[in-house]
Structures are given as structure tokens and as C-alpha cells.
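For reference, the chains in residue letters:
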Amino acid sequence: MFGSLAALQPRQLAAQILNFALVLSTAFMLWKGLSVFTNSSSPIVVVLSGSMEPAFQRGDLLFLWNRGIETQVGEVVVYNVRGKDIPIVHRVIRRFGGGSAPLSLLTKGDNNAADDTELYAHDQSYLDRSKDVVGSVVGFVPFVGYVTILLSEYPWLKTAMLIFMAASVVLQRE
Amino acid sequence: MHNTLTRVQNVFGFFTSVAFAAAAAIAISVLLSPQAPTASLELRSVQVVKGRPHYYSTKREEYAHIKFDLDADLTTLFNWNTKQIFLYITASYPSSDPSTIPPSEAVIWDAIIPSNYAPWHQNTYIHPTPKATTKVKKTAKKGKKEIGKAYPAGAQPGIIKLDGQKPKYQITDVSSKIADRSNATLTLHWNIQPWVGALVWTNTKTVGRWQGLQGGEAKFNFPPLKGTEVKKDELKTETGGERNRGSPA
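So the sequences go chain by chain: R and G.
Using my numbering, count along the first sequence one by one with no gaps and you end on 241.
Using my numbering, count along the second sequence one by one with no gaps and you end on 364.
None of these hints come from the bench; they were simulated from the model.
Be a bit skeptical, because a hint or two may be false.
Below, in silico cross-link-like pairs of lysine-lysine (DSBU-like), each with a Cα-Cα straight-line distance of 35 Å or less [to be verified]:
| id | chain 1 | residue 1 | chain 2 | residue 2 |
| --- | --- | --- | --- | --- |
| 1 | G | K276 | R | K198 |
| 2 | G | K198 | G | K292 |
| 3 | R | K151 | G | K182 |
| 4 | R | K151 | G | K320 |
| 5 | R | K198 | G | K198 |
| 6 | R | K151 | G | K174 |
Take a look, some chain R residues computed to stay more than 12 Å from chain G by CB distance [to be verified]:
| id | residue |
| --- | --- |
| 7 | A81 |
| 8 | L85 |
| 9 | E142 |
| 10 | L170 |
| 11 | L217 |
Part of the chain R face toward chain G, derived, beta carbon under 10 Å [what the hints assert, rightly or not]:
| id | residue |
| --- | --- |
| 12 | F104 |
| 13 | V143 |
| 14 | R161 |
| 15 | G206 |
Yeah, the Cβ is synthetic: ideal placement off N, Cα and C, and Gly gets one too.
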């Protein structure tokens, strides 16, 4: 492997590395561009728990939209509990306020018996639309996101994949 | 180079592009499937009392208990890309300042109605059987246990006939007061969950081949607060036979 790497001309090697950097930065810019377009800090999320079954299963990919600030009852929102950094995908079952007042939402998972009051921060009984909600689910692709669950559960896979990607880009000769 | 690695890469690349194109075609093609949903929703009774609406409530507050009749035909919402429909009824009522703040809204009842092709899930709705046939059912129960369907016997997904249905949720207001409010509305909504593609919510206006929902609304007023003369039995909620087994998150 390193033998073939050494056989490359320095100019060729530099070109391959630049090529790899281009691939990475394109992916990064696409993600950030989508983030600006949807006005959401994470426009694509992977479902991590079964609390919205049978609508969404672990590993399903969800597309978010965050420009409709007047979230309605029945929409599925992704929110972060204050003080914790775990995004939760649940359905809005109550809303109060909006317009000139701050919009308060109550959520519940389709698969849960009770609403999320106990899940929220200690002194919180409703979500604040402008502070807590990351976006509203608009699109759905099943199963595709399972790769990221595997990657987070088995960290060595992440390293292996990065090495494989770098090697295949650098070693590819056209 | 034609070694094994590049061949595997090419096959995988071709597979993903074909899968992506097919998924996109399926997601867009639902616009061709005509829809003509109809529903008739009526209020049966509404009561407001003071107490703890849930076992986990921390304070006593006013809550409303709403019973309703629903007769809906939503069969046309089920097409080749429909995995399930999340059907829900909301009660909405004017806010404290109706000119600048939109109405408050709360779900009183919901049901997950799967397509016939969706795998069985313990969390889907089970349509109640009409009272007249309950006696027949009791004898039938001795044999094979029948799996409840999300629609009446002999019908298809999307048919709902409920008579004097109890709510699934008692509703409260953020101010803890909900009695004596006028101009409230009960509304039927749905959320179509596809196999792949965009989620769709209720349309009341006609868009292309999709006709808007006919009916599915009822006006009412919240009555004054009642005391202990209301029997506890009359304030019970009822789930649709689902067994919610999800962990809180």
C-alpha cells in the first residue's frame, strides 16, 4: 500500500490530496447550505428511539424545515431538552400563544402513553417554539440513517471508514 | 482499472442511484392518486370540572372532557405510498387576545390507522365494534383470539364510525381555566405518513386531483364549571386499544 503511495510523483500526490480535500469541503458546504436554506441547525436527523413507532423507526432519516415558525398541532417537531443535548422527535399535541405572544407547545411520542411533561426540564411544562425546537419534520426516508447509528455505537467503524475513504481517494489513479 | 474493488464500487453506485430515482418517482407519483375525503364530526357532550387531569399532574386545575360522534370516509387517502394515517381531533378556542394571538389548540383524540400492507404494530388503533354485536363476540372469543382492525368489520382502512366516543385526552389551558369559553371548534385532522417521501397534513382546499376535506368541523362552547355532581365514570378517557410501550424519549 505504502509502496504504491511512494511510487506517485509529488505533483500527482498533491493533486490527489487536494482532490480529497475538495470532496470533504463540498460535502461540508452542502450540509451548511441546506442548514441555511431550511433555517435549521441540523436539517437532516436520524431517529434514535422507538417512541414515534410505527411512524418512525430507529434509523429512519428525517428532513426538517424550520421556517414555519407558527407550528401547528399535529406537526412532528425535533426539540432539545434544556440542559441536555439529545434531539427528540415527537408530535405536538397542544399549542398556546403564537402571533405577538411566545408560542408554547406540548409534545408526545405516538408510542408513549403519557405526554412529555416529565421529559422536559424541571421547571418547564411547555416547549418554547423559538428556543427549544430545531425544526418540523417534512420528509421521510426509511432505514438509510442506520449507518450513523452503527457508526456511533461502534466508534472503530468511523476510523476504519475514514481510513478507507482517504486511501481510496489518494490511491485511485485515473 | 477493472479490479474487484472498482466493480463493487460501480455496482453499489448504480444500486444507490436506481434506488434513489425509484424512491423519488414513488414520492412524487402520489399526486396522481385522486383523493375525496369526507367526514361528519359532531359534539356529543362537553363538561368542565376541576381536579387533577393525570396521575402525574402537580396541581388541581380546570379540565374539559369532550365526547363526540365521528363518521368518516378517508379511504382515498390510502394509496400505494401510504404507510399509515395519524388521525386526530383537536379542540381550538380563542386566546386571551384574539386580535393578535391565534387560537389555542389541543388534541382530544387520536388514532394510528395503518395501511393493509403495513406490518402489525401493537400501537395501532383498534376500531370498537358496535354495541349490538358485543354479545356475539363474547362467544367467539373462546376460540381463536381475533386481532382487532382499525376499521369496522367488512370495511377498509379509512372508514371510521364512532358513536358517543370518549376522548383520549382531557384538555387543560395554560392559564388553568377553560370553563365558559365560547366560539370553540372541534376539527378533524390527519397526517399521512408515506413509505418514502413527504408527510402530508389535512387539506381543506382542492389541489389538483386532491379534493379538500368535506365536513369534519363542529362549533361548540365550553360550559361553566361543574362541581362534584358529575360522576367520575362520565369523565373517563379511552384509548383505542393501543398498547404504548415506548420509553419516554
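Checked hints:
1. For the given pair, K276 of chain G sits about 41 Å from K198 of chain R by alpha-carbon distance, which is inconsistent with the 35 Å threshold.
2. Between the alpha carbons of K198 of chain G and K292 of chain G the distance comes to roughly 39 Å, so the proposed pair goes past 35 Å and is violated.
3. This hinted pair does not check out: K151 of chain R and K182 of chain G have alpha carbons roughly 38 Å apart, beyond 35 Å.
4. Between K151 of chain R and K320 of chain G the CA atoms are separated by roughly 41 Å; this puts the pair beyond 35 Å, and the hint is violated.
5. Restraint check for K198 of chain R and K198 of chain G: satisfied, since their Cα atoms lie roughly 32 Å apart, inside the 35 Å limit.
6. About 26 Å separates the Cα atoms of K151 of chain R and K174 of chain G, which keeps this hinted pair within 35 Å; it holds.
7. With a least CB separation of 21 Å from chain G, A81 of chain R remains clear of the 12 Å interface cut-off, as annotated.
8. The beta carbon of L85 of chain R is kept farther than 12 Å from every beta carbon of chain G, the shortest such distance being approximately 21 Å.
9. Not every C-beta of chain G lies more than 12 Å from that of E142 of chain R, the closest at about 7 Å, which undercuts listing it as non-interface.
10. The beta carbon of L170 of chain R is not kept farther than 12 Å from every beta carbon of chain G, the shortest such distance being approximately 9 Å.
11. Its beta-carbon lying about 17 Å from the closest one in chain G, L217 of chain R satisfies the requirement of being farther than 12 Å from that chain.
12. Taken as an interface hint, F104 of chain R does not check out: its beta carbon lies about 16 Å from the nearest beta carbon of chain G, beyond 10 Å.
13. For V143 of chain R, the interface hint holds, the least distance from its beta-carbon to any beta-carbon of chain G being 7 Å, beneath 10 Å.
14. Contact between R161 of chain R and chain G, as hinted, is supported at the beta carbon level, the nearest pair being about 4 Å apart and thus within 10 Å.
15. Contact between G206 of chain R and chain G, as hinted, is supported at the beta carbon level, the nearest pair being about 5 Å apart and thus within 10 Å.
Violated hints, listed in ascending order, are 1, 2, 3, 4, 9, 10 and 12; each of the other numbered hints is respected by the structure.
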